[in-house]
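> Listed here are the chains, written in short residue letters.
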Amino acid sequence: MSIIQTSTLKPPLILGRKTPTQVTSDVCTVPEKGPGRLWLPAFLLALSALLLGIVAVTYQIKVGIGTWGLNRTVGWAFDITNFVFWVGIGHAGTLISAVLLLLRQKWRTSINRSAEAMTIFAVMCAGVFPLIHMGRPWLCFWVFPYPNTRGSLWVNFRSPLLWDVFAIGTYFTISLVFWYLGMIPDVATLRDRAKGFRRKLYSLFSLGWNGSARTWSRYEVTCLLLAALATPLVVSVHSVVSSDFATAVVPGWHTTLFPPYFVVGAVFSGFAMVLTLMIIARKVMNFEDYITQRHISAMCKVVVFTGSVVGGAYATELFIAWYSGSPYEQFAFNNRISGPYAWAYAIMVGCNVVAPQLLWIRKVRETIALVFIISILVNVGMWFERFVIIVASLHRDFLPSSWTSYAPTLVEIATFVGSFGLFFTLFLLFCRFLPMISMNEVKTVLKPHEATESFGKDTLK
Amino acid sequence: MSHPNLHGKIEFTPPARLMKILAIVGILGVLVFLGGLILAPHRIWVGYLVAFNYLVGLGMAGGIFLAVATLSGATWANGLRRIPEAMTSSIPLAALLGLGLLFGLHALYEWTHESVVAGDKVLQGKSAYLNVLGFSIRLLVFFAIWIFFLRRLVRISRQTRNEEEPGGMRKGLVTSALFMIALAITFSLASFDWLMSLEAHWFSTAFALYRLAGVGLTGIAAVTIFAVGLRRTTSFRNIITGSHLQDLGRITLSLSVFWVYIWYCQHMLIWYTNMPEETSYYLLRNEAPWNVLTKANLVLNWLIPFLVLMPRAACRNETVMLRVAVAIMAGQALDLFLQVGPPLMGERPTFGIWEIIPLISALALFFLVTMKSLGTSSSVREENAARARGWSTTESPSP
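Chain order of the listed sequences is A and B. According to numbering that gives the first Met the number 0, the first sequence is numbered sequentially starting from 0. According to numbering that gives the first Met the number 0, the second sequence is numbered sequentially starting from 0.
It should be emphasised that the hints constitute simulated quantities derived from the structure, not laboratory data. C-beta atoms are modelled at their ideal positions from N, C-alpha and C, and glycine is treated no differently. It is possible that some hints are incorrect.
For the chain B half of the interface with chain A, some residues (derived, Cβ under 7 Å), not all of them [stated by the list, open to error]:
| hint | residue |
| --- | --- |
| 1 | G124 |
| 2 | W201 |
| 3 | F202 |
| 4 | S203 |
| 5 | T204 |
| 6 | A205 |
| 7 | T272 |
| 8 | M309 |
| 9 | R311 |
Chain B is faced by these chain A residues, among others (derived, beta-carbon under 10 Å) [stated by the list, open to error]:
| hint | residue |
| --- | --- |
| 10 | P258 |
| 11 | T315 |
| 12 | G324 |
Per label pair, the in silico range of CB-to-CB distance [said to hold, decoys possible]:
| hint | chain 1 | residue 1 | chain 2 | residue 2 | range |
| --- | --- | --- | --- | --- | --- |
| 13 | B | A329 | A | G15 | 50 to 58 Å |
| 14 | A | L160 | B | L282 | 41 to 49 Å |
| 15 | A | L203 | B | A329 | 51 to 59 Å |
| 16 | A | E287 | B | V173 | 24 to 32 Å |
| 17 | B | N237 | A | L160 | 55 to 63 Å |
| 18 | B | T375 | A | R157 | 55 to 63 Å |
| 19 | A | L228 | B | L282 | 31 to 39 Å |
| 20 | B | L282 | A | R157 | 40 to 48 Å |
| 21 | A | V220 | B | A329 | 57 to 65 Å |
| 22 | A | K199 | B | V173 | 56 to 64 Å |
| 23 | A | K61 | B | L70 | 48 to 56 Å |
| 24 | B | L282 | A | P326 | 17 to 25 Å |
| 25 | A | E287 | B | M18 | 53 to 61 Å |
| 26 | A | W137 | B | L282 | 40 to 48 Å |
Let the sequences and hints guide you as you build the complete structure.
Printed below as a string of C-alpha cells:
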C-alpha cells in the first residue's frame, strides 16, 4: 500500500505547492473580486444569442411549428438533433462526478464542479426542444401520468418518448441535487468570507453548514449514496434516448447496439465539451495549476477511447447492414454514405473517428491548441452524427413517392443558436458567482510538502 | 523502499492429485468426443462448440484483464496478475479445438449446405462472407493474432513487477492498446462466425458486445476462483488480500450488470419492433421448455451476483465470492448452451453426456494448464521480487 501512496512516480495533481489557504483564495477570487476583463464581453455575446433564441421561440410558438423546415417525410430533424446533442453533452458531468467518484479517480476533483454545472445547463437546453416540438407547450404537463379529467386519458407507457420524460426528469433532478450538495461546503466558505447582503445570500444557500466532523461524515455518506444512485442514470438516460429511434422500424434507426453505442457517444461528446470549456477556463481564470496537463491528458484518453468505440459501432452497423441481407437496411446505409447527405456522413466520420485518433500520440495530447481543436471537431461531429441518424434515415423512407429532403429554416437555426446562448449565459453566471473548482475536494489531494518543481514536463503524462 | 508483501517465499505447487484428476477428465473428454463422432455425431458437435467457445472466452479474458489493468494503470491488480497471465495459456489449446471445429462445420452450420444456400436468396447474399474457406482462414488469423498478442502481454506483464519498476511500461501500454483494438475487430467477427451464424438469417449488432460482456464476466469469475484457491493453499494469502477480493467483487457486480444491460437491450429492442427476421431468435428461447433455461440464465448471471455482492462484507468474504464465481461460471456455460442449442436441437433441449462431457473436460483442461502455468510463474515472481530489491540481475524467463 505504502508504495502506491508515496511513490515518486505519480506527480501531484495540483501544481505550485498550494496550501489549503491558497486554494481558498485562488478559487474565491472570481466570486469575491469579480472576473477578468473577458467575462463581460463573453457574457454579452451569450446573452445576445439567448435573446435571439427567445425571439425565435416566441415567434414559432405564436405562429406554430410550421415555421420549421419539417415535412411529412422528415418529421424530426433539427429539433431532435439538438435535443439528443444537448442531452449527450450532459453525460460527462455525471460520469465524472458519480462514476469517477466511485472509482476513486482523484483527478476528477478539479473538474467535477464545472462538469456537473455543464450537465445541468445542457439538460436544460435539451429540454427546450421537445417542449417546443409539442406545438402547444402550455399543455406540456400532459406528459405526466396523473388521473385527469380528459376522459381519463393516460399517457402511453409503452412509448419511449414517455420514458424520456422519466429518464431525463430523474437525471436532471439527481444531477441538480448532486451538484448543489457538493457545493454546500464551498458556499459556506464563501459565506464565512463575505459581508453584508452577500453573506446573507450565501448563508441561505449553505443550509447552515457548520463544518463539524458529524456534518462532514454525513455529507460524505450522502455524496457516495447519491453517486451510486446517479451511476445507473449515466447509462439509462441515453439508452432511453436511443430507444426513441431503435424501437422504430425505420432502417438505420432500429439496431440492437443503439443503447450502449449512444451512451458511449454521449460520454464522448460530453468529455469533448468539458475539454473545450476547461481549456478556456484554465487560461481565463488562471486555473492552470489546478487543471493541469495531467487532467487534460486524462480527458484526452477518455475521448480517444470513447471515440474509437463509436468508430467500432459505426463499423459494426455497416457490416451488419450488409450481413443482414435486408435490402432496406443495405439501402439506408448506402444512402448515408453516398446519398444526398453524404457530406454530413463524411463530417461525422471525419470528426468522430478520424480526428480523435491523433490523441493516441502523447505529443498531441500535450499540445493544448491541438486538443482544443480536436475537442471542437468532436462536438461538431457528434452533432452531425445525430443529424445523419435522424435526417438521412428519414428522408428516404419505404415509399419512394414520398422521398424528399430537408433544410433548416432561419427560425430553427436561430433556436439552435439560442440554445448555445442559454448554455453559455448560465455557465458564465455560474463561473461568476459560484466556486468553479470544488475547494473542499481539491484540498484532499494536495501535497504541499512535495517538491512539484522536480517533475519535468515529460513526467506529466 | 521495499514492499512488505515481497518478503518470504511465494510459491504455488499445483496439488499432484488434483492435476492427475484433471488430466484424466481431460482425456475422458477426448475419448467421449471420439465416441460421439461415431455414436451421436450431431449431438457431440453441440457440446464441442459450447466447450470451444467457453475455453476461448476464459483464455481471452486473461489477456483482457492484463491489457485493461495496464491501460488504466490499475496498480491494485499487481498482486493478482499471475492469475490472468496463467489463464492465457489455455489459448493454444483452444486454437487446437478451433482446428477440430473445422471438421464439424457441416454438422453445425446451415450455411455450409450448398443445397440450402442454393434455394435461399438471403444466404446467397451472405455467401461472400459465410463460406467454409473464409471461415477457416478467419479462424486461423484470429488465433494467430491472439496468440501473438497474448504472448507479448504476458511477457511484458511478468517483466513489470510493481510501481518500483516502470521498465517496459510504455511497451506495455502500446501492446495493450493494440491488443484491445485487434480484439474489438477479431472478437466481434469471431462471435459472428462461431455463434451468430448458427442462425444464418438472424443478425444483431449488439451480439459481439454481448459475447464480450459474457467473456469478461466468466473471466473475472475464474480469476476469483483462482484468487480464493491461492489464498487457501499458499502464502499468496499475504499478496491477495481482502481488498483484492473486494475489488474483484465490485468488478463482478458491475460486469454482471453490464451483461444484463446488453442482454436487455437486445431482447427489448427485438421484442418491441417484432420484426420477423429478428424475433426468430427468441421464438424458441422464450417458449417452454427453453424458457426455463432463459430464466435460469438471468438468475445465475445477473440476479445472484447482483443481490449477493451488493454489500461490502459479501465481497470480502472468500466463501461468498467463491460461490458467486461458481454460479457465474455455470451461468455463462448455460448462456453459451442457450446460444448454440436451440437452432441445432429444435423445440426440446437435450442434455446428456454428449453435451456435458466436452464442456466439463474443457474446463478441466483449462484448470490444468492454468495451474501448471501458475506453478512456474509464481517462482518468477520471487525472482523478480529479489530483483526489485537489487539482489539479482537475472532476466526473468519468457513464457
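> Let's test the interface hint: is any C-beta of chain B closer than 10 Å to that of A:G324?
holds, 4 Å
> May I ask you to test the hint 24 to 32 Å on the CB atoms belonging to A:E287 and B:V173?
Given a distance of about 30 Å, which is inside 24 to 32 Å, the answer is holds.
> Per the hint of 48 to 56 Å, is the separation of the Cβ atoms of A:K61 and B:L70 within bounds?
Between A:K61 and B:L70, where Cβ atoms are some 54 Å apart, the hint holds.
> Do the numbers back the hint for B:G124, that is, is its least Cβ distance to chain A under 7 Å?
The hint holds - B:G124 has a Cβ within 7 Å of chain A, the shortest such distance being about 5 Å.
> Measuring from beta carbon to beta carbon, are B:N237 and A:L160 in 55 to 63 Å?
holds, 56 Å
> Does the Cβ distance between B:T375 and A:R157 fall inside 55 to 63 Å?
holds, 58 Å
> If you take the shortest Cβ to Cβ gap from B:T204 to chain A, is it below 7 Å?
holds, 4 Å
> Double-check B:T272 for me: the hint is only fine if its C-beta lies closer than 7 Å to a C-beta in chain A.
holds, 5 Å
> Is 40 to 48 Å a correct range for the gap between the Cβ atoms of B:L282 and A:R157?
violated, 21 Å
> Is the hinted range of 40 to 48 Å satisfied by the C-beta distance from A:W137 to B:L282?
The hint (40 to 48 Å, Cβ to Cβ) holds, given that A:W137 and B:L282 are roughly 47 Å apart.
> Is 41 to 49 Å respected by the C-beta to C-beta distance linking A:L160 and B:L282?
Given a distance of about 29 Å, which is not inside 41 to 49 Å, the answer is violated.
> Should the hint that B:W201 touches chain A count as held when the rule is a Cβ pair under 7 Å?
Violated, because the Cβ-Cβ distance from B:W201 to chain A comes to roughly 9 Å (cut-off 7 Å).
Comparing the model with each earlier hint shows violations of hints 2, 8, 9, 14, 20, 21; every other hint is respected.
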